[in-house]
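Protein chains: 2
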Amino acid sequence: MIKTPYLLFLGDAPDQLAAKVAQGIKDWRPENAVGQFRMEGCKADLGLTDMTLEEAKAAGAKTLVVGVANRGGIISPAWKKVLVAALEEGFDLASGLHNLLREEADLVAVAEACGRELHDVRVPEVDYPIANGKKRTGKRVLAVGTDCSVGKMYTALALDEAMRRKGMKSTFRATGQTGILITGNGVPLDAVVADFMAGAVEWLTPDNDADHWDIIEGQGSLFHVSYSGVTLALIHGGQADALVLCHEPTRTHLRGLPEYSVPTLQQLRDMVLPLAQVANADVKIVGISVNTQHMGEAEAEAYLAAVEAEMGLPAVDPYRHSADRLADALAAL
Amino acid sequence: MIKTPYLLFLGDAPDQLAAKVAQGIKDWRPENAVGQFRMEGCKADLGLTDMTLEEAKAAGAKTLVVGVANRGGIISPAWKKVLVAALEEGFDLASGLHNLLREEADLVAVAEACGRELHDVRVPEVDYPIANGKKRTGKRVLAVGTDCSVGKMYTALALDEAMRRKGMKSTFRATGQTGILITGNGVPLDAVVADFMAGAVEWLTPDNDADHWDIIEGQGSLFHVSYSGVTLALIHGGQADALVLCHEPTRTHLRGLPEYSVPTLQQLRDMVLPLAQVANADVKIVGISVNTQHMGEAEAEAYLAAVEAEMGLPAVDPYRHSADRLADALAAL
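Just so you know, the protein sequences line up as chains A and W, in that order.
For the first sequence, counting from 1, position 290 maps to 290 in the working numbering; every step adds exactly one.
For the second sequence, counting from 1, position 317 maps to 317 in the working numbering; every step adds exactly one.
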């Protein structure tokens, strides 16, 4: 559990895209983003107040989040001075970089001396149990994709936002590093040891109110041979009551697998449903989320209408429109 | 890679079952078993020559394998004197216990001083790659089960034995601790980090001769929600050309999951085939392996005949008969 709110560290980000983790925090949990800290030469700007460490501290920030990635995921020597000063100022640090905070002896030493915490969200911090498959109270919805990186996290966050707006009870459950930094907690599922994957998902989505929805961030794809096992652990550990199918229609092959074609939404439906029924006989597919970022407005509308007719399910692009219709479908379950 | 041959350490095993790892080594790789080492009060006996450390060393043994498990998987203090003496005598140590050899400071110190290796086969010793899904040369067969612990390892070892006897080229590929100790190498898949599971299986079953078969030890079950992700990583990383379905017909529920019923062989077939086709469009189910240990001879024969008729595939119990008919089915592919 990372202490919120945050000061978002953008470092010397070469462009806006390099700060996409910070952008995600600001977009989805603006209440967690007290301000931004930019170094000389920083080309990213979230439109937040630029703050010194002292100003952010005074404004209530508790953790400095490394919201920027450089090539190689390295903690740059140029950043070190700021990170050390932040620890001394009383901030915890949180990062999703490959280069772990805990691998840096100077940061570890200063954190210990100051009694501060270093959160590397790529590394599990909990001893997860082995899944027991017992039926839990409350409801769960999981985003599953035809491929990796088709918008499953975005869909889940948009669904959470829409459900809260409609007065439904929901919690976004992060399973990847960006999601964990956005919300301050979650399970870095890709780093969990195989035997404990499904148990980690059970741990993440415990018993809850009967009318509460956990919105579980999906990972990988049943069709992506590199990560399909992680996907199935989410399906079975998540004990999903509802599934949202996610798709990016312009992709020519699976991400990183040039020999593998992208399955259709029908193929995904037919593959995922019997697997999900193993853990929950009543599971339903409630809607389709299409990432139409590479389509024009008219093309996107036509595509969504065609998918909706073919699949007999609401099909939306939550970025262009909202996830309201998916939330309505869950409410109607 | 554990150095063979072995001296099999049975310690103070309270009964024969406690020495089942050692029994597996002796049954399946007798050439790896130079002799046995039994302490006072040992109730297990593999029928191998009892040897002192000196005698085993002289007979060529290179590694002392802890072939016994006590309650809790602990390295008993009573064993320590022998394990230390073995290191001093020039043996490496290998163990699949929960209590790791490397967690014992005295063993670590002596091993270092003597230049010996400690192999904890529960712990991955390789940085596995992320799976790339590229088609590999050679053939692969995978055992998949309706449940955990239905005889997948036994089936794979029996198939390997039958294929070698018939002059076919085959290699048993261990994915669990017992299999790794039996053969001296493999991947402890349940302990691999999620993102690398499928890559570990690719690593384990690399390019090979066109007429060579890797016989991959299965793990878990697609229907067992605790471990199904591991199973799918095997299916996709293994890129199976052939599948053998494994079943134990007297089980009343899935192992450790009292609320989950055991699927039928038809349900397993219908679930596994489309998933396996993602990685290998030409995959075929070649036969059924039934664990009939809880049935009488006549009951077993009748059951196998019924399964064979229903499924249209050879159905054998490799323990009662042999895996010859499964090997023939692979040869005919």
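Honestly, the hints are just simulated from the structure, not real lab data.
Beta carbons are placed, not taken as given, at the ideal position from N, Cα and C, and that holds for glycine.
Among the clues, some could well be false.
What the hints assert, rightly or not - In silico SDA-like pairs for lysine to any residue, Cα to Cα no more than 25 Å straight-line:
| no. | chain 1 | residue 1 | chain 2 | residue 2 |
| --- | --- | --- | --- | --- |
| 1 | A | K134 | W | L257 |
| 2 | A | K135 | W | K134 |
| 3 | A | K135 | W | K284 |
| 4 | W | K134 | A | D190 |
| 5 | W | K284 | A | L273 |
| 6 | A | K135 | W | S261 |
| 7 | W | K284 | A | L257 |
| 8 | A | K134 | W | V108 |
| 9 | W | K134 | A | A210 |
| 10 | A | K134 | W | L265 |
| 11 | A | K134 | W | A191 |
| 12 | W | K135 | A | K134 |
| 13 | A | K284 | W | S149 |
| 14 | A | K135 | W | D282 |
| 15 | A | K284 | W | S261 |
| 16 | A | K284 | W | K134 |
As the list claims (entries may be wrong) - Partial pick of chain A residues on the chain W-facing surface, computed with a CB cut under 7 Å:
| no. | residue |
| --- | --- |
| 17 | M51 |
| 18 | V193 |
| 19 | A198 |
| 20 | V278 |
| 21 | A279 |
Hinted pair, alpha-carbon criterion (25 Å max): K135/A, K134/W. Please report holds or violated.
violated, 39 Å
Against the 25 Å threshold, does the CA-CA distance of K284/A and K134/W hold or violate the hint?
violated, 34 Å
Can the restraint linking K134/A and L265/W be considered satisfied, given a maximum Cα separation of 25 Å?
holds, 24 Å
Under the criterion that the straight-line Cα-Cα distance not exceed 25 Å, is the pair K284/A, S261/W satisfied?
holds, 21 Å
Decide if the proposed pair is consistent with the structure: K134/W and A210/A, CA atoms, cutoff 25 Å inclusive.
Measuring from Cα to Cα gives roughly 45 Å; hence the hint is violated.
Compare the distance between the alpha carbons of K135/W and K134/A with 25 Å, and conclude whether the hinted pair is satisfied.
violated, 39 Å
Does M51/A hold up as a contact with chain W if the rule is Cβ-Cβ below 7 Å?
With a minimum Cβ separation of about 36 Å from chain W (threshold 7 Å), the hint on M51/A is violated.
Compare the distance between the alpha carbons of K284/W and L257/A with 25 Å, and conclude whether the hinted pair is satisfied.
This hinted pair holds, its Cα atoms lying about 23 Å apart.
Quick one, are K135/A and S261/W close enough, alpha carbons at most 25 Å?
Between K135/A and S261/W the Cα gap is close to 14 Å, so the pair holds against 25 Å.
25 Å limit on alpha-carbon distance, applied to hinted pair K134/A and V108/W:
violated, 41 Å
Do the alpha carbons of K134/W and D190/A lie within 25 Å of each other, as the hint requires?
OK: K134/W and D190/A at ~21 Å, within 25 Å.
Compare the distance between the alpha carbons of K284/A and S149/W with 25 Å, and conclude whether the hinted pair is satisfied.
Violated, at about 31 Å.
In this structure, the earlier hints numbered 2, 3, 8, 9, 12, 13, 14, 16 and 17 are contradicted, and the remaining ones agree with it.
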